[in-house]
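*Asks:* The lines below spell out each chain.
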Amino acid sequence: MKDAQAVRHCLDAVDYLVDDGMAMALFLALRLGRPLLLEGEPGVGKTAAAKALARALETPLIRLQCYEGLTAGEALYEWNYQRQLLAIRLAEAHHTRLTDADLFSAEYLQERPILRAVRHRGPVPPVLLIDEIDRADDEFEALLFEFLGEAGITIPELGTFTAAKPPVVVLTSNRSRELHDALRRRCLYHWIDFPEPARAVEIVRRAVSGATEPLIQTAVQFVGGVRGRELEKPPGMAETIDWVAALSVLGVAGLAADDVALTIGTIAKTPDDRAVVAAALGAYQESQL
Amino acid sequence: MSQGVLRGVDRAAFAVALAGRLRRAGVAAGLTDVDDFVRALAASPPDSMSSLYWTARICLVRRHADLAAFDRVFAAIFADPPPLPRPSRSASPPDAHDDVYVRVPADTDDSDSGGGLPWATLPPAVTETPAHDTALLLPERRPSALSGLADRPFDELDSAQVAQLGDALRAAVAGWPTRRTRRFAIGTTGARVALRPTIARARRTGWEPVEVVRERPVRRPRRVVLLCDVSESMRAQATAYLHLMRAFTVVADAEVFAFATTLTRLTVGLRHTSAAEAVAQASAAVTDRYGGTRIATNLRSLLTSHHADAVRGAVVVIGSDGWDSDPPDELAAVMARLSRRAYRIVWLNPRAGAPGFTPRVGGMAAALPYCDRMLPAGTFQDLLVVARQLQSVTCTDGRKWPTLTPAPRIIA
Numbered sequence: 001m002k003d004a005q006a007v008r009h010c011l012d013a014v015d016y017l018v019d020d021g022m023a024m025a026l027f028l029a030l031r032l033g034r035p036l037l038l039e040g041e042p043g044v045g046k047t048a049a050a051k052a053l054a055r056a057l058e059t060p061l062i063r064l065q066c067y068e069g070l071t072a073g074e075a076l077y078e079w080n081y082q083r084q085l086l087a088i089r090l091a092e093a094h095h096t097r098l099t100d101a102d103l104f105s106a107e108y109l110q111e112r113p114i115l116r117a118v119r120h121r122g123p124v125p126p127v128l129l130i131d132e133i134d135r136a137d138d139e140f141e142a143l144l145f146e147f148l149g150e151a152g153i154t155i156p157e158l159g160t161f162t163a164a165k166p167p168v169v170v171l172t173s174n175r176s177r178e179l180h181d182a183l184r185r186r187c188l189y190h191w192i193d194f195p196e197p198a199r200a201v202e203i204v205r206r207a208v209s210g211a212t213e214p215l216i217q218t219a220v221q222f223v224g225g226v227r228g229r230e231l232e233k234p235p236g237m238a239e240t241i242d243w244v245a246a247l248s249v250l251g252v253a254g255l256a257a258d259d260v261a262l263t264i265g266t267i268a269k270t271p272d273d274r275a276v277v278a279a280a281l282g283a284y285q286e287s288q289l
Numbered sequence: 001m002s003q004g005v006l007r008g009v010d011r012a013a014f015a016v017a018l019a020g021r022l023r024r025a026g027v028a029a030g031l032t033d034v035d036d037f038v039r040a041l042a043a044s045p046p047d048s049m050s051s052l053y054w055t056a057r058i059c060l061v062r063r064h065a066d067l068a069a070f071d072r073v074f075a076a077i078f079a080d081p082p083p084l085p086r087p088s089r090s091a092s093p094p095d096a097h098d099d100v101y102v103r104v105p106a107d108t109d110d111s112d113s114g115g116g117l118p119w120a121t122l123p124p125a126v127t128e129t130p131a132h133d134t135a136l137l138l139p140e141r142r143p144s145a146l147s148g149l150a151d152r153p154f155d156e157l158d159s160a161q162v163a164q165l166g167d168a169l170r171a172a173v174a175g176w177p178t179r180r181t182r183r184f185a186i187g188t189t190g191a192r193v194a195l196r197p198t199i200a201r202a203r204r205t206g207w208e209p210v211e212v213v214r215e216r217p218v219r220r221p222r223r224v225v226l227l228c229d230v231s232e233s234m235r236a237q238a239t240a241y242l243h244l245m246r247a248f249t250v251v252a253d254a255e256v257f258a259f260a261t262t263l264t265r266l267t268v269g270l271r272h273t274s275a276a277e278a279v280a281q282a283s284a285a286v287t288d289r290y291g292g293t294r295i296a297t298n299l300r301s302l303l304t305s306h307h308a309d310a311v312r313g314a315v316v317v318i319g320s321d322g323w324d325s326d327p328p329d330e331l332a333a334v335m336a337r338l339s340r341r342a343y344r345i346v347w348l349n350p351r352a353g354a355p356g357f358t359p360r361v362g363g364m365a366a367a368l369p370y371c372d373r374m375l376p377a378g379t380f381q382d383l384l385v386v387a388r389q390l391q392s393v394t395c396t397d398g399r400k401w402p403t404l405t406p407a408p409r410i411i412a
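Note that the protein sequences, when read in sequence, are chains X and V. Taking the UniProt record's numbering, the leading residue of the first sequence gets 1, the next gets one more, and so forth. Taking the UniProt record's numbering, the leading residue of the second sequence gets 1, the next gets one more, and so forth.
The shape of chain V in the complex, shown without the other chains:
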């Protein structure tokens, strides 16, 4: 075996230069890490590329997320070293520098293209300082593919795009507000003294309560119940609403139901790990898809079922266009009952986003006085807004009873 791959190389200069490269590639390699690396190189001079790789990786990388960037930088340097002098990318006239210094590719700052050996340290490597004004420019913002899709109506999207937007929706729901429960759990930040654990621990100290254990209230996600219409008139929105329901099921432990002529509980099916599988299971579970609508009957069957308790104190979200084959006064009656039990009722209407929309459909007009909000939900952009709006609906701003808006507001 030869003396090693780094024979005759200044270890400190090599380590610092490699760490510099890594920092430019986004790996947080600090001075402690460089120190470790130099000592490791001294302790066991690497005899092969593989051992150099492992020594560098173990000493300079401190988190899993940085491994890919490290591999890239390492490969760029060692996989295929280019011949020494390469024209610098920023080939500006050398009037700013003395001619005494020879420019070597040590710091040519083309680490992204991967050129240059980082240990060429003599003669002193002086390069022009990179133009700082370019580094301070704001990145150019272009609409991502996602936001482009988000503005399109549901019926223009294919299933892959819907799935992609479903993920975005899940991320938007992620910060779902929590509420304080009446239960307490041990926590160092708590204000209350937890009597039982404190006494239990005092046993060790001859019943002197030396260590005081504290407890804080447990917080749970604010309850949310979603009901989505999957009748013929809502055919275009059905899959997208399934993704919305899945997002709430996974993040906020929501109870979710689909209805057309009968009510189907989808909570269990939509909790599946795989989004495609969950939506497929939910679609299979709904037998009365694309039929007529009986909103009042379905809401009543929810209120009489054993899931009725899930509505208590919950934010109830109903996604429907309000076309109902039940009489409007029946819907008004059941909505009144629902509004007494629920914390807030939010109605998502796919047609509310259209210009000049007024809720003239019988069912919608009857239900509107009992809704706290009616929000448009015709595109994914709308649903993303809904996810944020719902969080503000649940927020009480420190008041115990938030002011109830007598007439529902239409936010378009």
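One chain only, chain X, in its complex shape:
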């Protein structure tokens, strides 16, 4: 891809619409071979960006979902202890001697997502999605440094594996805690804002094929208005898409119908938010009468 516009067209072809900033971020991540750290409110399409990029590049998406207590054994690599033990018992039965080098060879290595991304063989490097890195412990960030900096992994018993073509790495964070500066330094950074109304309408139109145009426009406008209120969890694009899908399944033509109040569970996810959104919807329906 030669410039940001080309990235944009490729993503457009797989139904993921990006603005100038996102197109530039993905283009630079591809061109400079640097990891890309995406932050933004929940539901603005951080994870979807990586998925769309993998589809656009026609390359596998390797996903690593982070959680508290994630360790090297689940993210980088692990030794296949069972096979090692079997090998030892076999060797004992055959009265042969085994050395360390026999046991710690590539044969007994189990690849986990990051090592799989490094050792991927193919014309196009894979897309590695490290999702919600803020959920992992601080120590786990430090594990990633070598991989993010040099696209390599050192296994003490075997040596260093370095990727022939550095994989495209996308990290996402919901900012439930601050990431360390050392991690940020190794990545390009892009903050994703909620899309502007015109693009939001286009995104919903592509995602929900059955919905009518006026319904999409009023729903997007309404959600945009609700986001400005005091909410615990402002509805993102994912919630908007769910809502429009629910409304179109019910066959509702506009937001003035009675059934609409029953579907706000798709955009308001706590009791407090529910009350706020219901009040906003009531005010909207009043104004339409």
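Accuracy of the hints is not assured; some may be wrong.
Label pairs and their computed distance ranges (CB to CB) [said to hold, decoys possible]:
| # | chain 1 | residue 1 | chain 2 | residue 2 | range |
| --- | --- | --- | --- | --- | --- |
| 1 | V | G206 | X | A72 | 26 to 32 Å |
| 2 | V | R183 | X | D138 | 18 to 24 Å |
| 3 | X | E196 | V | A185 | 40 to 46 Å |
To spell it out: a stretch of chain V is covered by chain X in this simulated footprint if at least three of its residues, at any positions, have a beta carbon under 8 Å from a beta carbon of chain X; those stretches are [what the hints assert, rightly or not]:
| # | segment |
| --- | --- |
| 4 | 51-61 |
| 5 | 267-277 |
| 6 | 318-330 |
Bear in mind the hints are in silico, worked out from the structure with no lab data behind them. For glycine and all other residues, C-beta sits at the position ideal for the given N, C-alpha and C.
Put chain V on the given structure of chain X with help from the hints.
*Replies:* For chain V alone, coordinates are given in the frame of chain X:
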């Protein structure tokens, strides 16, 4: 499309100068970031202001908090470039420098006013070094609007000011101490070996416990129960105490009650996200507001209710002036019962801050022997002090049983 907005510009010099500007504005733009930026400019020479903006932002900004400062600096440079030579702000006699060097606005250090193009690099830009002694001056400290408000009695404040101080209170409670519980959770720092997960993981390794999982004790916020008087004599303090209770409810999972003639539980209402909404809900829930006071009856009904367990091992905070229509010996009896069950009892008295205050009111005098502390709570400053004092009350300084002060201390 033309060659781009940066045609004929030394990319490295431009990137370094822009990063310098950003650093002065408080954006942490390091050398790695500059390197990225230069390579990005080479990879795709920006053809419009928008693409230059995105390239710079993606490469030089690494955290969301810096975006506003970045936008400011970028706008100052590119939105309206001023004509080239501008008189430097610090127009000192040029005796310190050779005349060979021409001063250009590259480094005039007026980034806050936004002048100067950062890529004017030739002739060599030499400016006088900024006077370092000015940079080392301590910032002048003035009382903020908040601390000015904090000293005023509650009845002189309007609702917006009370809400503002409520936020300050919430920040003051934020470091509420935790206590060790008897439960354990998996944690790498733990000292104990967690048997069950270790065995579960050993399954993968042919029942050889290769990976040892550790566990550490779970810590919870020290329990705290707040009871606030909302009778007629406490009318001025009622809203402020609601904010104090909300702060503890949100931060420390406190159980909170308001009382005048009957006891009302406010824990659920005060947990609302919006402070105004929470206080409004709590005010609506209290039906006996600004009536008489029956402290002893209300404390007894707390101890007989199913919330009585919340008091066990908790810091109990009672906010009242001690005017009670129940007989004092009844209050003494129920306080004795409460003190046996609670970890500490702290009495907040809005009048205790007044000079020459002595607890002569019947109820107050009866309750005092059972209180660990009595603290003044007439202004927000007092409440902020209370929030800190309560944290020290819960602290045991490593002793299992802290020394109990036989007579309560009045801290004014």
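*Asks:* So, for every hint listed, does it hold in this structure?
*Replies:* Do the hints match the structure? See the list:
1. Between V:G206 and X:A72 the beta carbon distance is about 20 Å. The supplied range of 26 to 32 Å is therefore violated.
2. Our hint of 18 to 24 Å for V:R183 and X:D138 holds, since their Cβ atoms are close to 23 Å apart.
3. As the Cβ distance of X:E196 to V:A185 is approximately 44 Å, the hint placing it in 40 to 46 Å holds.
4. Three residues within the 8 Å Cβ limit are the bar, and the segment 51-61 of chain V against chain X gives 7, so the coverage statement holds.
5. With 3 residues having a Cβ less than 8 Å from any Cβ of chain X, the segment 267-277 of chain V passes the three-residue criterion, so the hint holds.
6. Given as covered by chain X, the segment 318-330 of chain V fails the check, having 0 residues with a CB less than 8 Å from a CB of that chain where 3 are the minimum.
The structure fails hints 1 and 6 (numbered hints given earlier, in ascending order).
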